[in-house]
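K.L.:
Those protein sequences? They're chains A and B, same order as listed. Letter 16 of the first sequence, counting from 1, is numbered 16 in the numbering used here, and no numbers are missing. Letter 195 of the second sequence, counting from 1, is numbered 195 in the numbering used here, and no numbers are missing.
Keep in mind that the hints were calculated from the coordinates and are not lab data. The C-beta atom is built at its ideal place from N, Cα and C for all residues, glycine as well. Watch out, some of these pointers could steer you wrong.
To be verified - Going by beta-carbon spacing under 10 angstroms, a handful of chain B positions derived as facing chain A:
1. Pro86
2. His268
3. Tyr360
Said to hold, decoys possible - Part of the chain A face toward chain B, derived, beta carbon under 8 angstroms:
4. Thr98
5. Arg147
6. Trp153
7. Leu162
8. Asp168
9. Ile175
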Amino acid sequence: MTVKKMNSFFAGQIFWPAFFFLCLSGSVYAVSTTEGVYEHVHHTREEAIDKIFGNGHRVSSSNFVVSSEQKVAIESKLGWVLTQNEYVIWSVHSEKNTLLGYAIVLHELGKHQPITFLTAVTPSFKVKDFLLLVYREHRGDEVKKRRFRKQFWGLGRDDSMLIDIDIDGITGATISCWSIAEGVKKALLLVEAYSNEIPKNKNDH
Amino acid sequence: MKKVLVAAVIGSLSLGSFAETSSSLEQIKNARGTGGYAITGLERSGTATFGGYFDTEFSYGDDGSGKVSDFDNHHLIIEMAAQLHPALLFNTEIEYEHAGGELKIEQAWLDYKFSDAFTQRMGAVVVPFGLVNVLHDSDVREMTDRGLYARYIVPTTWTDVGFGAHGYFDIKDVEVNYEGYVVKGLTGDVSAANGLRSARNPQEDDNNVDKAIVGRVGVSPAMGIELGASGYYGGYTDSGSSAVKMLGLDGQWKWNAWEFVGEYSVVHVDVPAASATIVPEEMYGYYVEARYRTAPAFLKRAMAQFKQPTLTYFARLGAVDTDVNNTTSTTTSRTDTELTRFAFGFNVRPIEHVAYKIEYHINEEQGEKVRNNQVLASVAVGF
């Protein structure tokens, strides 16, 4: 088949029918979505906790105010400063009241916008999993994938989590990978510091 | 004139991002005041974000005829993206090279996202052939130099105008991704002297009625491993009766702090009899690159204000032959189409998208060492 014939075949049999099909299906899709500022909600907090811990659990939340001593200790482990002193930590128990773990929601800056994600921590302060709640960048949400997440499973506060050294980054989403890794490390340290305190303002829900 | 145009475009877009505006078409049509009846950025949607990259390079060496020492403000790239709707993304990349010597639109497209697995794209696109052309941003690359392969075989940055789709889907933990377009295609300026570099021509009218097809499929069986295959087919002469056919393979493997990247491509060209001394029948090129990333304590101490500064060592071997069968040569011992370059060096990144790079190039032609080795240093910034 000559180049001319191939192009003619392509234009007539594939390109234009595909183009019109896409235009038509596109108009159907357009009316079913909401216009607004880009903010992709992947999970609500409740959905994320259910997905990680399964059904049949009880969740209680506590406000955790980081003391100045704790702040110094955490910053020393992290290697950078905490910009926030107050967090909400959720404790997750089974129906028989066995502690299943903790969850904390953090907002770590991506390339332009914060990435909101929930980190789940085991009772022995290892990473259980994390899930994206809200992703606001145009690209890079491949950090939601299981195969990226599972690199963190079982890591503790003393494990190094440097991207492309300890954790394989995602090409085209490197900054998001760094943001998640830094947030996960921070989550482990905050949850451990919290667990050493008696929770205040505990609310079952 | 170009400077005025760039300033006007950037200025109007910047104002648009800060403005309290409405995306209603009716209001835009009725716009008065700032823009009168002429539509300005103020009337546009305010959801645009700006980014880009910048680099400045220093080169020192010998080009075979004498010493060369130069600073080059090589790239200043303004990227603007607007998420007009959750399913509609506009993106553009305006390239300003050599401190104003060149101005071009490197990307300008609209994505219509149906799902992660299927997004339709139309406009000026970066041609999806291999890795280096798509991942060409200075701050993303570890080295200053893009290499011989990216100069002659897959002429980076290779932009073309057309229509197509891209997406990815997972089969358990295996990711499959693809990107493919129908584009205007390469022009008749294929040559042994420049490979495919001068055949890129997205800015002017197509030189023939034929369209080219180009695409890449990648498979990533696990995190850090990806294998890809790319293809290109399209008429390039004014009549469209002669085609350029390309096949490329690429691979990427990350193993702890190590990363290995490589690409190989062959180019077959239908040569009209009248162009036999200029257009080669066959070309090929490849490179393999190794990188080792580390975060040494001394660097953290020296750059204490940054969270995780990193140091990356790299080395790359690359070669091309822009006339494998010597079909354009009137002599049988042509030597100037086989080029080999070995480069090595390191970079320091205080943050992920800022890199200070230095490297040394050993250049050879057909196995003979020529006095054209170079030192390159640069700073690259993504913003």
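K.L.:
Starting from the hint list further up, note which numbers the structure goes against and sort them upward.
P.N.:
Hints 2, 3, 4, 6 not satisfied by this model.
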